[in-house]
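**Q** Taken in sequence, the protein lines are chains Y and R. The opening residue of the first sequence carries number 1289 in the numbering used here; numbering runs sequentially from there. The opening residue of the second sequence carries number 582 in the numbering used here; numbering runs sequentially from there.
Treat each hint with caution, since some may be false.
Said to hold, decoys possible - Straight-line distance between alpha carbons at most 30 Å, and here's what the computed DSSO-like set of lysine-lysine pairs gives: (1) K1566/Y with K873/R; (2) K778/R with K1383/Y; (3) K1545/Y with K830/R; (4) K787/R with K1511/Y; (5) K830/R with K1393/Y.
To be verified - Stretch-level coverage of chain R by chain Y, calculated; a stretch enters the list once three of its residues show a Cβ under 8 Å from a Cβ in chain Y: (6) 635-641; (7) 646-660; (8) 734-746; (9) 751-759.
Unchecked claim - Selected chain Y positions facing chain R (in silico; Cβ < 10 Å): (10) M1301; (11) R1352; (12) F1478; (13) G1480; (14) A1514; (15) G1515; (16) G1533; (17) I1544; (18) K1545; (19) N1547; (20) F1565.
No wet-lab data here; the hints were simulated from the structure. We put the CB at the ideal spot given by N, CA and C, even for glycine.
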Amino acid sequence: MPSSSGRTSKRFMPFQIDGTVVQNRQIKSVYFILGIHCPPIANLIQPGQFIMLKISEDHSPLLRRPFSVYKTYPENHPAKEKRGCLFICYKEVGKGTHKMTTLQKGKILNLIGPLGNGFTPPPLPSSANIILIGGGVGIVSVYPFAEAFNHLKLFVFIGGKTKKDILCVEDFKKLNSKIFVSTENGSLGFRGTVVDLFLSQRKIFTEDKKYYLYACGPMPMLKALAGKIKSRNFIAQASLEARMGCGFGACWGCVIKTNHSQTPYQRVCKEGPVFSFKDICWD
Amino acid sequence: MRNNNLRIKIGKMVLKNPVIVSSGTFGFGEEFEDFFDLNQLGAVVSKGISLKPMVGNPPPRIFETEGGLINSIGLQNPGLQEFIRNKLPYYRRLKTHLIVNIFGNTQTEYIELAKRLEGVRGISGLEMNISCPNIKKGGIVFGSDPRMAFHLIRKVRKATTSTLIVKLSPNVTDIASIAKSVEEGGADAVSLVNTFKAMAINIHSKKPEVGNIIGGLSGPAIKPIALRMVWEAHQAIKIPIIGMGGIMKAEDAIEFILAGASAIQMGTANLINPRAAIETIQGIKKYLVQNKIDRIQTLIGAFG
Chain Y
1289 MPSSSGRTSK RFMPFQIDGT VVQNRQIKSV YFILGIHCPP IANLIQPGQF
1339 IMLKISEDHS PLLRRPFSVY KTYPENHPAK EKRGCLFICY KEVGKGTHKM
1389 TTLQKGKILN LIGPLGNGFT PPPLPSSANI ILIGGGVGIV SVYPFAEAFN
1439 HLKLFVFIGG KTKKDILCVE DFKKLNSKIF VSTENGSLGF RGTVVDLFLS
1489 QRKIFTEDKK YYLYACGPMP MLKALAGKIK SRNFIAQASL EARMGCGFGA
1539 CWGCVIKTNH SQTPYQRVCK EGPVFSFKDI CWD
Chain R
582 MRNNNLRIKI GKMVLKNPVI VSSGTFGFGE EFEDFFDLNQ LGAVVSKGIS
632 LKPMVGNPPP RIFETEGGLI NSIGLQNPGL QEFIRNKLPY YRRLKTHLIV
682 NIFGNTQTEY IELAKRLEGV RGISGLEMNI SCPNIKKGGI VFGSDPRMAF
732 HLIRKVRKAT TSTLIVKLSP NVTDIASIAK SVEEGGADAV SLVNTFKAMA
782 INIHSKKPEV GNIIGGLSGP AIKPIALRMV WEAHQAIKIP IIGMGGIMKA
832 EDAIEFILAG ASAIQMGTAN LINPRAAIET IQGIKKYLVQ NKIDRIQTLI
882 GAFG
């Protein structure tokens, strides 16, 4: 079935393969970074794509968990110690992610990836303005895209409940980006949601220019954002989060309602996880 | 080891081994081709097909419980015509049997599905899902009433010469009596069990965890109950049983065969380990060698 947005992105065959834990460290409060040495996936995975990770060998948790990739280092990367590694950033929220925090260096994990359709870059050659919006751990999904398009002007909006939920600021500081931060309790930056923050800066984005907007975060955030970027000069994509059964299109458990006439429920894992804002049914 | 010692006959189908992948957990086959050679499977069952396309249930559609998975996909499928036109050609290229899973809301729909699939190249068998509510009979599930099941199967039997498998729901008081009436109706085999009706509630939002409130539970959590039902059916009927319910590995598959299953299906396991079925085939082979068992048939119901 074609993607609802009609995109044709280069398709890499997913691998089911073992990887070795090279790092598992807490970065702040409930957020951790897990590094896995897995060259076949690290070589191929594109910004916005994801992996399915089997956290334990027993049935607890039973299903794999999806993670978008935060940083990847292909085998030809100059930093020798990171070659062939991929890093995910995860939030300890339940039993599964709690178990993840106990994974030790050297542990073998089974991965499936690269999966899904990643972000579609602006057409080339481009001097496009790029807006990245991330809510909570969602900012991690858009970060690799920023790294890949560092030569363009980036406006980055990072939001979280408190300052403990603000991630990747140091990473973005190293890129050619203008960073805006918001927290719902006002403990850091603008007080309010990341969508409120974006609206407060709306005057920067003039109607005579085109903006390529990439967002990731919880559904209520994306829905609120959808209502504010309807004007034609925003070309907007969202990376969606969903409960997934398999991650590779077999079970139809992770669907989202789209404006597709024949098949309104499309798979986040296969047709997504990145969708065009205009293709999603936000009602 | 001889090549044919895993061979099993179900109706008119001779399977090269007893491992089948079950409906709804194996997409339309092609989703798995990156992970292993599908030709090694005993058979594949398609996603459930209805006469008309179905959009399925609103999300969330799945929820993980202890050792289990609740799903309420809502039988989303492209409908019979689209299935024949765009999904069947892929299956035809495979060197394994295709069993098409069908379901309807009325007797007429089941009969029409069977008729329209009759003689279509590339289809070895039909698996009837009789866990759907009969709208005309006030929503009673076909598969929970032995008499209704008997009459339905008898009519579908007349409409098809393919191997006819009837998939039984475990949500019944007496699985043996349903199995018996399905056998009397003319089915070539039964497959059991489908998922157990189940639900989960989020205590923080006070909302159901799946959009449809009620879903079907699968996975290792249901295995002991499914195994018991296979054994009960085995004592009641003579036609072959395809056993399923939480089979994750070869050891589970062998347990079902010992309980009376001639073949087995794997479902939820495919989602977690796409190579689960192929690893199970290898595991069964190894078990036969280690235990000096010549033919798998000798294991069927051979416990106690």
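**Q** Hint by hint, say whether it matches the structure.
**A** To see whether the hints hold, each was checked on the structure:
no. : hint                : in the structure
1   : K1566/Y with K873/R : 62 Å, violated
2   : K778/R with K1383/Y : 24 Å, holds
3   : K1545/Y with K830/R : 35 Å, violated
4   : K787/R with K1511/Y : 22 Å, holds
5   : K830/R with K1393/Y : 28 Å, holds
6   : 635-641             : holds (count 5)
7   : 646-660             : holds (count 8)
8   : 734-746             : violated (count 0)
9   : 751-759             : violated (count 0)
10  : M1301               : 5 Å, holds
11  : R1352               : 6 Å, holds
12  : F1478               : 28 Å, violated
13  : G1480               : 23 Å, violated
14  : A1514               : 17 Å, violated
15  : G1515               : 20 Å, violated
16  : G1533               : 5 Å, holds
17  : I1544               : 7 Å, holds
18  : K1545               : 7 Å, holds
19  : N1547               : 13 Å, violated
20  : F1565               : 18 Å, violated
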